[in-house]
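Just so we're on the same page, the numbering used here is the position in the sequence shown counted from 1, plus 79.
Treat the hints as calculated values from the structure; they're not laboratory data.
Heads up, a few of these hints could be off.
DSBU-like mimics (lysine-lysine), calculated; alpha carbons at most 35 Å apart, straight line [what the hints assert, rightly or not]:
#	residue 1	residue 2
1	161	348
2	306	348
3	348	303
So the derived label-pair ranges between C-beta atoms look like this [said to hold, decoys possible]:
#	residue 1	residue 2	range
4	452	386	41 to 47 Å
5	399	305	54 to 60 Å
6	445	305	47 to 53 Å
7	184	388	24 to 30 Å
The beta-carbon is built from N, C-alpha and C at its ideal position, and this holds for glycine as well.
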Amino acid sequence: MPTFWRPTEDRPFRLQDWLLMAVFLTLPLEAMGLLKRAHAGGGLAGGMTIAKLFILAALLAWGIRTLLMQDQYLLRALFGHKTGLFLLGSILVGFSTLMQTKIRPYFSQFFVQAVSLYFLYLLIVGVIQARDRVFRWCFAALLIGTVPSSLGGVYEALTGHLIMKGRIQTPFGPEALSTQHSLYTSEAGRYRIASFSGDTGMHGVHWAVYGPLSLAVPFLVRRKWLKVAGWGFVMLTIVNCLGTGTRTGMASLLMGLLVFFTFARIRHKPQMAIASIVAALMLGTMLGAPLERILGKEHKAEVSTAWRVAMSRIAVRMVRDHPILGVGVGNYVGLYYKYAEEVPEANRTPVVMHNGYLAVWSEQGSLGLVLFLSVFASLAWALLQTMRHPANDYIHYTSVALLGALVAHLMTQLGYPLLGDELGYLLMGFGVTIAEVNRNLRGEYPFRSDRLAPAPIASAPVAALA
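Could you put together the complete structure from these sequences and hints?
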């Protein structure tokens, strides 16, 4: 039976495979991997990071090989998956609002982010293709890459020292540098960790997604000491989410874990689920900050909720006036003062919409929202089909973990502006490729006979889209 660490294929890795694994190892570094900040509306949105350097190198290596070898998989990566087609449609709807946009730097930032992240999705699908071994090592690289930041969170919780002092950015735009020089604390004085994310909220919502992914590890290793280490890794991930005291992150983590335990084929499921929840509650009690915020004992938490409700009311009024294509990308901030007159409790300072769904609905209209939701609906359907008919245990547990992570990510969109976050596109790429790997292992893959051998693009367009 295949395991987490022992791939079933012996084929050597290509250069783009190594580069893609380096992408997954360095993505969780987040702000710690920041090399150069971006100016407002210019450069790569959010700045240049180590992970983005590897992405560019992998794209170059993959592109050159695709052109030289005339790899027919390029057509399948572009047009062979519903998730990718819905994603492309969603991006095109956003571009169509250019004429409505009043604040061009925001639109420029959207343009760069959308194109960059779409290419990240294509890179994952195009490099991994249906190769079992490459998928396994890429998935392992992502989980291994989270460990340094997780340990950073534990360090902050124990010492109270902020790791990213003087280097972090506010979540409201890459041009505004944070003035934070110490950890956030709850009103009772409990620390709220941020680790390499540089922001408490972002660390919480990211580790809410990593939580369900980490749950696959104890079920994909055989030896007892590795299983113990696997559960330790799960607890480390949960501690990092709870330690932020972020309510959206904690609720998203809970939903992701529940999805995993609901669909995973494991013995003693109720006992394991209850034990995990009890352990999480004990950790929450020890950390203090999350428990205070869950129970509503913090005035700051109440203010934050009221602020988000007011922002949502403004977004709904924009949808009312522009139901089809919205007010245009970036115009939520541009039209904030106009609509804030109808919502007296709204903050007087305009910021980006903190609900991903309302952000898309208000700026890209109902058409944009339908396509946006279709991306994740098609991805969830592909994962459900894969977990129901897995080729082996590895495929089953990994697809269940990805579904749990997807649900957690969709939950985080309710409270944080994550439309330009790489993690969602990473889940899209992994979700599509694990379905491809499963079809290949089951003998249902259109390229199985020649093991994905390259062929002229012009000679096999139909096979590439099968």
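Now the hints, each set against the structure:
{"no.": "1", "hint": "161 / 348", "verdict": "holds (33 Å)"}
{"no.": "2", "hint": "306 / 348", "verdict": "holds (16 Å)"}
{"no.": "3", "hint": "348 / 303", "verdict": "holds (18 Å)"}
{"no.": "4", "hint": "452 / 386: 41 to 47 Å", "verdict": "violated (25 Å)"}
{"no.": "5", "hint": "399 / 305: 54 to 60 Å", "verdict": "holds (55 Å)"}
{"no.": "6", "hint": "445 / 305: 47 to 53 Å", "verdict": "holds (49 Å)"}
{"no.": "7", "hint": "184 / 388: 24 to 30 Å", "verdict": "holds (28 Å)"}
Hint violations for this structure: number 4 only, all remaining hints satisfied.
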